[in-house]
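> Each chain, letter by letter, is given below.
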Amino acid sequence: MSNEMLLEIAEKFGDRATLSEFERSLYSRDLAPVPALLVNPLFKTLPDIVVRPSNTEEVAEIMKFAYRNNIPVTPRAGASTVYFNSVPTKGGILMDLNLLTGVVELDEKSMTVTVNTATTWSELDEYLNSRGLAPKSFPSSAPVATIGGWFCMMGYGIGSMKYGSLLSQVRSIEVVLPDGAVKKVTRETTPALDWFAASEGTLGVITKLEVEVRKLNNMKHYLLHLSDANKMLDTMKALIGAEVIPYNVHFTDQECLKAMHALGFTLADLTEGCVVGVDYEGSDEELQQARNIIENLSGADKIANPVSEETAEMEWEEKFKALRLKRGGPSVLGAEVWLPIKNLPEYLEDVQKMSTGYNLGLFSYGHVVTPEYASVMTTFYADETKTIKYIINLSLVKKIHDIGYRYGGCPYGVGLWNSPMVGRIHKSLELSELRQRKKSMDSKGIMNPGKVYRSPFMLNPFNYGLGMNVLAGVRKVLGKGW
Amino acid sequence: MSHEQNKLYTTLEKEALICARCGSCRSNCPVYRVIGWESATPRGKISMAKDIFSKKNPAPVTDDFIRRISQCTLCGACSNECSTDIDIRKLWLDLRHRIAEMGKAPKGYDAIRTNLLANKNITTFDNNDRLEWTEDLDEPEALEPRAGADVCYFVGCVSAFFPQASQVALAIAEILTEAEIDFTTMGGEEWCCGFPLIGSGFVEDSKQFIKHNVEKIKELDIHTLIASCASCYNVWKYDSEEYLDGYELKVFHTTEYLAEMIKEGKLELNEMDEVVTYHDPCDLGRNSGIYDAPREIINSIPGVKFVELSHNRESSLCCGGGGNLQSVDADTASKISALRAEEIKATGATIVVSACQQCEQMLSSAIQKGKLPVRVMDLSQLILEAMQ
Chain V
1 MSNEMLLEIA
11 EKFGDRATLS
21 EFERSLYSRD
31 LAPVPALLVN
41 PLFKTLPDIV
51 VRPSNTEEVA
61 EIMKFAYRNN
71 IPVTPRAGAS
81 TVYFNSVPTK
91 GGILMDLNLL
101 TGVVELDEKS
111 MTVTVNTATT
121 WSELDEYLNS
131 RGLAPKSFPS
141 SAPVATIGGW
151 FCMMGYGIGS
161 MKYGSLLSQV
171 RSIEVVLPDG
181 AVKKVTRETT
191 PALDWFAASE
201 GTLGVITKLE
211 VEVRKLNNMK
221 HYLLHLSDAN
231 KMLDTMKALI
241 GAEVIPYNVH
251 FTDQECLKAM
261 HALGFTLADL
271 TEGCVVGVDY
281 EGSDEELQQA
291 RNIIENLSGA
301 DKIANPVSEE
311 TAEMEWEEKF
321 KALRLKRGGP
331 SVLGAEVWLP
341 IKNLPEYLED
351 VQKMSTGYNL
361 GLFSYGHVVT
371 PEYASVMTTF
381 YADETKTIKY
391 IINLSLVKKI
401 HDIGYRYGGC
411 PYGVGLWNSP
421 MVGRIHKSLE
431 LSELRQRKKS
441 MDSKGIMNPG
451 KVYRSPFMLN
461 PFNYGLGMNV
471 LAGVRKVLGK
481 GW
Chain X
1 MSHEQNKLYT
11 TLEKEALICA
21 RCGSCRSNCP
31 VYRVIGWESA
41 TPRGKISMAK
51 DIFSKKNPAP
61 VTDDFIRRIS
71 QCTLCGACSN
81 ECSTDIDIRK
91 LWLDLRHRIA
101 EMGKAPKGYD
111 AIRTNLLANK
121 NITTFDNNDR
131 LEWTEDLDEP
141 EALEPRAGAD
151 VCYFVGCVSA
161 FFPQASQVAL
171 AIAEILTEAE
181 IDFTTMGGEE
191 WCCGFPLIGS
201 GFVEDSKQFI
211 KHNVEKIKEL
221 DIHTLIASCA
231 SCYNVWKYDS
241 EEYLDGYELK
251 VFHTTEYLAE
261 MIKEGKLELN
271 EMDEVVTYHD
281 PCDLGRNSGI
291 YDAPREIINS
301 IPGVKFVELS
311 HNRESSLCCG
321 GGGNLQSVDA
331 DTASKISALR
341 AEEIKATGAT
351 IVVSACQQCE
361 QMLSSAIQKG
371 KLPVRVMDLS
381 QLILEAMQ
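So the sequences go chain by chain: V and X.
Numbered by our numbering, the letters in the first sequence go through residues 1 to 482 in order.
Numbered by our numbering, the letters in the second sequence go through residues 1 to 388 in order.
Keep in mind that the hints were calculated from the coordinates and are not lab data.
None of the hints are false.
Pairs of lysine to aspartate or glutamate, DMTMM-like flavour, derived with a Cα cap of 20 Å: (1) 389/V x 51/X; (2) 386/V x 51/X; (3) 335/X x 15/V; (4) 386/V x 13/X; (5) 7/X x 317/V; (6) 345/X x 126/V; (7) 321/V x 314/X; (8) 120/X x 215/X; (9) 7/X x 318/V; (10) 263/X x 178/X.
Here are some chain X residues the structure puts well away from chain V; computed CB gaps all over 10 Å: (11) 266; (12) 300; (13) 339.
With the C-beta cut set under 7 Å, the calculated list includes, among others, these residues of chain V facing chain X: (14) 22; (15) 26; (16) 27; (17) 78; (18) 120; (19) 143; (20) 144; (21) 320; (22) 321; (23) 323; (24) 324; (25) 326; (26) 327; (27) 330.
No residue lacks a Cβ here, since even glycine has one placed at the ideal position from N, Cα and C.
Hey, can you work out the whole structure from these sequences and the hints?
Written as structure tokens, this is what we have:
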């Protein structure tokens, strides 16, 4: 960006724009600690300017300016992802949306709430709960994840099992298009709502969302201990197929149980087998039916052993603390895989083979988010202070994704770092359609460039595959004691 | 420094690496809510600390970094939210300590230190004048230090020297007298509790203050101490143990002590037709774990309608007055207190009570600026009013 352009925006937005390198540097990172050695030669992650618009008009003003001058724009709110989804790849304008918060309107008749995009899920939950309502679903990063941000990702999480994806719950959005036009988008408009779901801010900046809500009901929580992954799958199937649909089903594999136990975050002192957690919400009658389902599954002669309800309650209370595993790190690397649950036992078996092959602990946990699919997180410890070893360890992330791919899975979310695997996420025709949408809506390619549709040249699937496989080979030979 | 048993802290170097940068700490951070830049989020600050202290090729300690580290009220809301269970408040104190040891403490902190070392209190008044506030009592001399008393009231610098806050000390003295409690004070031998020094990173200096106060308590043969200042209480409760060295001393915040007196029927409270809300001081609530006693007191007053603030107990929002923030950035401190005043306004309360004289000062100022029809009181003042 030229100095004139920078000064024009800086002047317009006053103390809500910054050119300070100190401030800007904080926007060139997300949760993933990727070494500068790897990032800097390939991308310009430092934005030229950071601007904090406070309303839709200001967002539109920035977009018009960027469109006119061909400047890349990266929208960002909670920035709680790990794939550089909201980190610039080509500098430009970083649009920090965190001033766009709060509830705009609650319509209890239609059971919808309209919120500004950067309202966090916890803030919305708090607002709704005080009125006897609740969000239908929310991400496991609710304290930081925003409504707009989660919609821009795939939007599956806690509550999706019962209420579907966030896309299915959103009635309309207000979006600022790359040319600065403001548009209300519904299922009936062109472009339609589904264009923007999982678009990761590459088609426009969502400023408001109209989301369905539910009545705040009582909940019951259960944890079931299973001896192995096959029994875990049987239990999940039984829970999913029962007459009362669970609100949330989640699981922890044996290695993860052991790792948590070693850190003192123990689930009823369990270190063997697997655990399935199931949460129900609904009427007293539904909750009683749910109790019967659990009782039928558990007991002395059944496959599942119930863990105390107090422990299950505590597990629910601490649902946002999965990152505790990181205390065993100091760093954690891993892959989030969208996996057919029918293949979960085989996936976990291969993950353990990989664990043996590379001599490292691999811990898996996840949420079953549809009757067929789970979002599975498989992680391992690494040390980012040892840069070369850490970069070599990054190759194992691809190896985990390879296992997922063998069993019908794909990466959950794209951003920058999963873009080499975009061919695994979308079928060829789907990908062509997505690219066509991007072209039609953002012909200048200024919206969050470098993400979602294709990988940057240096990360093209061939280079990426070859590079990662070589590094994984090095890791296998030299890294057993790491 | 904290009652949080489930929060963990190893070393700054390790904890900065453990931080996942998830940002759960972000939304409830009062400083971030006012400043708005990512560099003001706890995760942003820890991320910078990691680059400085945890890497083999450390980043430089810049003035910008020091400024952001000092822009913190030490309220502990970040620790409460941390998804990796880091005692982040402890991390801030550690960082400030490191910065002070490098000789890079902000000027405001240096001024606090210089003044405290000279005067033994946070003002420029002579420390021997600590009991001037007692002149409004019928028998001021009764509060001169007296060995062997059942209870020592640790008044704290704010209540001792600031006229408005002295009303709290007076209220406590009147209540204790009415209940016929055998109590005394440390008079001019009471030094600052050391909290402002700990919060500025001058940990070694704070130790001489804590040690002095403990020695004087031992000399007076006192075995029960009450403090009306939440920060003084926190230091006595969690930092004095090393110096007590086995000496038996029960430490109570005045809210705990007075709540117990009410339960025992030692205080007769009359009806008050008021809507009352309660602001949890960070050092009493989140950082010391006392939430129930203040609420028990309010609810024990006949006629009072108690309403909670939208952020309360563990999720309480700071008043802006903690962590020495005023000494380095009074504007941000004032904006934070304005946020809290908005929450107070939303309750419709006629009285907001608290249990920390610093909080009460900050809230009074914000409420005055906002022209809200709300009285700010300490719980002891509310009790005294109910007794009359």
